[in-house]
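2 protein chains.
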Amino acid sequence: MTPRFVRYLPILTWGRHYDRSALTNDLVAAVIVTIMLIPQSLAYALLAGLPPEAGLYASIAPILLYAVFGTSRALAVGPVAVVSLLTASAVAQVAEQGTAGYAVAALTLAALSGGFLLLLGVFRLGFLANFLSHPVIAGFITASGILIATSQLKHILGVEGGGHTLIDMVSALVSHAGQVNPVTVLIGVTATAFLFWVRKGVKPLLVRMGAGPRLADIATKAGPVAAVVATTFAVWAFGLAERGVSVVGEVPQALPPLTLPGYAPDLIRQLAIPAILISIIGFVESISVAQTLAAKKRQRIDPNQELIGLGAANLGAAFTGGYPVTGGFSRSVVNFDAGAETPAAGAFTAIGLAVAALALTPLVYYLPNATLAATIVVAVLSLVDFAILKKTWSYSRADFAAVAATILLTLTLGVEIGVASGVILSIALHLYKTSKPHVAEVGLVPGTNHFRNIHRHDVTTDPEVLALRVDESLYFVNARFLEDLIQDRVVDGAALRHVILMCSAVNEIDYSALESLEAINLRLRDLGVGLHLSEVKGPVMDRLKTTHFLDQLNGRVFLSQYDAWTALAKPNDPAKAAE
Amino acid sequence: MTPRFVRYLPILTWGRHYDRSALTNDLVAAVIVTIMLIPQSLAYALLAGLPPEAGLYASIAPILLYAVFGTSRALAVGPVAVVSLLTASAVAQVAEQGTAGYAVAALTLAALSGGFLLLLGVFRLGFLANFLSHPVIAGFITASGILIATSQLKHILGVEGGGHTLIDMVSALVSHAGQVNPVTVLIGVTATAFLFWVRKGVKPLLVRMGAGPRLADIATKAGPVAAVVATTFAVWAFGLAERGVSVVGEVPQALPPLTLPGYAPDLIRQLAIPAILISIIGFVESISVAQTLAAKKRQRIDPNQELIGLGAANLGAAFTGGYPVTGGFSRSVVNFDAGAETPAAGAFTAIGLAVAALALTPLVYYLPNATLAATIVVAVLSLVDFAILKKTWSYSRADFAAVAATILLTLTLGVEIGVASGVILSIALHLYKTSKPHVAEVGLVPGTNHFRNIHRHDVTTDPEVLALRVDESLYFVNARFLEDLIQDRVVDGAALRHVILMCSAVNEIDYSALESLEAINLRLRDLGVGLHLSEVKGPVMDRLKTTHFLDQLNGRVFLSQYDAWTALAKPNDPAKAAE
Numbered sequence: 001m002t003p004r005f006v007r008y009l010p011i012l013t014w015g016r017h018y019d020r021s022a023l024t025n026d027l028v029a030a031v032i033v034t035i036m037l038i039p040q041s042l043a044y045a046l047l048a049g050l051p052p053e054a055g056l057y058a059s060i061a062p063i064l065l066y067a068v069f070g071t072s073r074a075l076a077v078g079p080v081a082v083v084s085l086l087t088a089s090a091v092a093q094v095a096e097q098g099t100a101g102y103a104v105a106a107l108t109l110a111a112l113s114g115g116f117l118l119l120l121g122v123f124r125l126g127f128l129a130n131f132l133s134h135p136v137i138a139g140f141i142t143a144s145g146i147l148i149a150t151s152q153l154k155h156i157l158g159v160e161g162g163g164h165t166l167i168d169m170v171s172a173l174v175s176h177a178g179q180v181n182p183v184t185v186l187i188g189v190t191a192t193a194f195l196f197w198v199r200k201g202v203k204p205l206l207v208r209m210g211a212g213p214r215l216a217d218i219a220t221k222a223g224p225v226a227a228v229v230a231t232t233f234a235v236w237a238f239g240l241a242e243r244g245v246s247v248v249g250e251v252p253q254a255l256p257p258l259t260l261p262g263y264a265p266d267l268i269r270q271l272a273i274p275a276i277l278i279s280i281i282g283f284v285e286s287i288s289v290a291q292t293l294a295a296k297k298r299q300r301i302d303p304n305q306e307l308i309g310l311g312a313a314n315l316g317a318a319f320t321g322g323y324p325v326t327g328g329f330s331r332s333v334v335n336f337d338a339g340a341e342t343p344a345a346g347a348f349t350a351i352g353l354a355v356a357a358l359a360l361t362p363l364v365y366y367l368p369n370a371t372l373a374a375t376i377v378v379a380v381l382s383l384v385d386f387a388i389l390k391k392t393w394s395y396s397r398a399d400f401a402a403v404a405a406t407i408l409l410t411l412t413l414g415v416e417i418g419v420a421s422g423v424i425l426s427i428a429l430h431l432y433k434t435s436k437p438h439v440a441e442v443g444l445v446p447g448t449n450h451f452r453n454i455h456r457h458d459v460t461t462d463p464e465v466l467a468l469r470v471d472e473s474l475y476f477v478n479a480r481f482l483e484d485l486i487q488d489r490v491v492d493g494a495a496l497r498h499v500i501l502m503c504s505a506v507n508e509i510d511y512s513a514l515e516s517l518e519a520i521n522l523r524l525r526d527l528g529v530g531l532h533l534s535e536v537k538g539p540v541m542d543r544l545k546t547t548h549f550l551d552q553l554n555g556r557v558f559l560s561q562y563d564a565w566t567a568l569a570k571p572n573d574p575a576k577a578a579e
Numbered sequence: 001m002t003p004r005f006v007r008y009l010p011i012l013t014w015g016r017h018y019d020r021s022a023l024t025n026d027l028v029a030a031v032i033v034t035i036m037l038i039p040q041s042l043a044y045a046l047l048a049g050l051p052p053e054a055g056l057y058a059s060i061a062p063i064l065l066y067a068v069f070g071t072s073r074a075l076a077v078g079p080v081a082v083v084s085l086l087t088a089s090a091v092a093q094v095a096e097q098g099t100a101g102y103a104v105a106a107l108t109l110a111a112l113s114g115g116f117l118l119l120l121g122v123f124r125l126g127f128l129a130n131f132l133s134h135p136v137i138a139g140f141i142t143a144s145g146i147l148i149a150t151s152q153l154k155h156i157l158g159v160e161g162g163g164h165t166l167i168d169m170v171s172a173l174v175s176h177a178g179q180v181n182p183v184t185v186l187i188g189v190t191a192t193a194f195l196f197w198v199r200k201g202v203k204p205l206l207v208r209m210g211a212g213p214r215l216a217d218i219a220t221k222a223g224p225v226a227a228v229v230a231t232t233f234a235v236w237a238f239g240l241a242e243r244g245v246s247v248v249g250e251v252p253q254a255l256p257p258l259t260l261p262g263y264a265p266d267l268i269r270q271l272a273i274p275a276i277l278i279s280i281i282g283f284v285e286s287i288s289v290a291q292t293l294a295a296k297k298r299q300r301i302d303p304n305q306e307l308i309g310l311g312a313a314n315l316g317a318a319f320t321g322g323y324p325v326t327g328g329f330s331r332s333v334v335n336f337d338a339g340a341e342t343p344a345a346g347a348f349t350a351i352g353l354a355v356a357a358l359a360l361t362p363l364v365y366y367l368p369n370a371t372l373a374a375t376i377v378v379a380v381l382s383l384v385d386f387a388i389l390k391k392t393w394s395y396s397r398a399d400f401a402a403v404a405a406t407i408l409l410t411l412t413l414g415v416e417i418g419v420a421s422g423v424i425l426s427i428a429l430h431l432y433k434t435s436k437p438h439v440a441e442v443g444l445v446p447g448t449n450h451f452r453n454i455h456r457h458d459v460t461t462d463p464e465v466l467a468l469r470v471d472e473s474l475y476f477v478n479a480r481f482l483e484d485l486i487q488d489r490v491v492d493g494a495a496l497r498h499v500i501l502m503c504s505a506v507n508e509i510d511y512s513a514l515e516s517l518e519a520i521n522l523r524l525r526d527l528g529v530g531l532h533l534s535e536v537k538g539p540v541m542d543r544l545k546t547t548h549f550l551d552q553l554n555g556r557v558f559l560s561q562y563d564a565w566t567a568l569a570k571p572n573d574p575a576k577a578a579e
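Chains as they are written, first to last, in the working numbering: chain A, 1 to 579; chain B, 1 to 579.
Honestly, the hints are just simulated from the structure, not real lab data. Small disclaimer: the values here were computed from a predicted structure and weren't measured. You may find that some hints are simply not true.
Which copy is meant is left open, because identical chains are indistinguishable; a pair holds if it fits in one copy or across any two.
Mimicking BS3-like on lysine-lysine, the simulated pairs with C-alpha atoms at most 30 Å apart in a straight line are [claimed, not checked]:
| hint | residue 1 | residue 2 |
| --- | --- | --- |
| 1 | K537 | K436 |
| 2 | K537 | K570 |
| 3 | K297 | K203 |
| 4 | K200 | K296 |
| 5 | K545 | K436 |
| 6 | K433 | K537 |
Modelling step: build the complete structure from the supplied sequences, incorporating the hints.
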């Protein structure tokens, strides 16, 4: 057994030490998670525009495959809200909801997403996910929460609806406002209110009644199950389905079927970009949860192996009647809090859900869609966080711009354009910031060997010496900036004889910046001004030594700025220099 | 007269101090540049696929307008090789060469380019040109040189040709190889050989004969005029035009006409992207030349005003029968070396060219196109510089990749895709490099208060203290990298009690990195490990103070790494720590 083989199969690591205590803990966690997942899976399938059983199927094979290939001990894989929304948005572009083509497109999306994740993992390209900055993710999640909640209003009101942007959804609701079904509204609003209360009020109540906070937490998660049971019973007992309340209806009593994703080139071309987007967003959500949980137990997550685990899970979903999945936040936290020790807990959850799919599906015939919609609305409203706007505004205008643009464009133009614009804007703003680096003119703090900004401190300077501290790596985007800056300073300073670049914060000098330095050196030489460097970092110096720049330098390289100053300056006292 | 008004009209600055000595110098320079520009203008028009007079016209109004709006004292504006190639490539996509539509498209391209440059200048967006890294420019110029030289082979061989990629051009030449005209080849090859000799051999010869090196330089530039005169005379005297030698033919005897660029939305849409590309590449070429020449005389160039100057010049070209122009390298250097002191030299050159357009055009009737092609080939081969591949390879693989990709893609897929790919690749490589920053574990150099990399130096460490120096700004692309790194180190170091991040080279912490630091802080706190910061820069600290991060920090902020070490470490000696 080679080490490489083991790396790709984390199950071989934890599986060898599996014991009775771990088994007991995993079983308990599995029971709790299974109960929570049954209504959640049905609800997210509804959100994705798929038949309810697709949600169950998407939770079975993927969990098993992740247990074999994933590195997190507590992550629970399955349908999640944001990915379900993205699926609905992508699949609606190629097929009509309710058709066979729609389900096939969802399978294809899962297959493409799985393949893409596997590729990223095998080629160790997990760092690509870093291009989604936190502000873009936060903005996207908030906007998605609003879109998802709005999309469920049609079920709570019992009217037709549609659309994938906020404006489309609201106008669809308004134009169908006449269809509102009072009984559906009663069920939907009651369920929503109940679930909000469970979320906020039950835990303190249980704690006051003597329950441990962990138990109280888990009981809170059972709220949706209670709502499902109560409203299903009500619909059955009072015959509300005949009064226009839309119910889940017939769900096949079966294990996940063997399915084939579509392979028409046209379909694949149309779904490729959404699949990449779903993969990356799903990966970012999953890895954040996995890392947070692993950190609590000093466990290690391998991001590239996680890609392989999630890739396998999505391929599993594609071939067993599911749709794109990822590691979900709430289910993973419940799994962790319930005591899951290894991925075997996930495997037991899968068995639990398989039993549910086989035996319990007739029980949800009378489950009102309004209740499922209520569970979604309450779950996703916790994703909505406008505080991020205030936080980023006070911290950095660039980050604020990224959040605001992502929220606005996701709501108005849809999820794909929203995220893509956010990513491009973040990169552009970062490049813009580094294109005008902070460059401080420094002087000697009298009585020390420290150098500080002449505009902030009382320091000693010399009109013949210009000492500039560059607070940024030098690369093509800011190379010309330095040329312009030095040129301007040289034109102003007729007495100037030496320019010293203090490079303590220069982590890289790329080839463009090297050429700019060469140009600066030549221009200064023509004017009889020396160019000197100080405090150049080891790796930067190593690289400069491979070139002729140091030979041609019309000046010297000093280890410290103080050495440079001692060698070159005939200092004035600060009062005189300020004249 | 407001200062803002003066800023937009640099002519008001130099014009007020204009005197007789400057006039004399400017007149001498103008005569020399005019003689050089006549054949060059005709040749570049040929390269752009336009009638020869377009080259003359493109040198008249643009020079005058640049003299009013530009900030360089020595820049000579007009048709240049690379921009002519880009024009040919762009215009060929919308019109057939030789048609009226072709000339109108060239005017439109100049108008769009002028408008775009003006916009960039007025909104002070000149920094956008920095996104073209030096490797991308170098690769593009080299590839363009090859493409241009190849495109002229058809004139030297006297065959038909075409295409805008290397493969297309070569296969067009091969398929027409049967048409080769021996007389044309004789003229073309002789002219090429002569011009190469002039370039390499004449200057040493003249210097040996007692001429000053500056005069010898300028005489070298007259080589093309000599070739033009000799071959024109030969064609006329021996009736070679009747033997199949293609000649320039009738050129109207006229001042630049008043022309209107096209304004069809379709045409503008098709030419918009090429116009942006031409603007930026032209601007980069022009500003480099202008800055190099200005530096020699401690003069100042305002890049944003340069955009306005070049914008006006291109608009001038669009309305007077020209095509896109920019500040050319060789003509500007000749202008400078010939003693031009102010933009008035350019104005006199324009008058000289206007006289040529009015009076001298009948003289070029028998000028063979092969001679013009020879002047182009010899001029552009000096642009081809494969040494850049070797230089960047030894300096930085990332820069090498940018050069190589730009050369390869420009040659095989055309100029637009080549440059665009180069820019995207440079940005991606930069982001990739900063996504995995250099992080050094540091220890105390015994007997000092300096800290150095534990893998490079014999330093004192403490197994309870992990001191990491981060050599990069922290932002979204590398935020997760730091999380992963610290997580890994914490899992490995069971004895660990303190993590110190030494931030002397951290020039920025964006919101994503702030959230990562918060996550790291919480995870370390859960494990009873402290997180401390040292040597945080002023602007970074100012920003952190606006957040709650410092309040929640499970550790302290130290001014220096030495303070942190003194407060936290119980040092082992290096020998023991290495165990």
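Consistency of the hints with the structure:
no., hint, result
1, K537 - K436, "both (21 Å within a copy, 17 Å between copies)"
2, K537 - K570, "both (27 Å within a copy, 28 Å between copies)"
3, K297 - K203, "within (25 Å within a copy, 77 Å between copies)"
4, K200 - K296, "within (25 Å within a copy, 73 Å between copies)"
5, K545 - K436, "both (27 Å within a copy, 23 Å between copies)"
6, K433 - K537, "both (23 Å within a copy, 17 Å between copies)"
The structure shown violates none of the earlier numbered hints.
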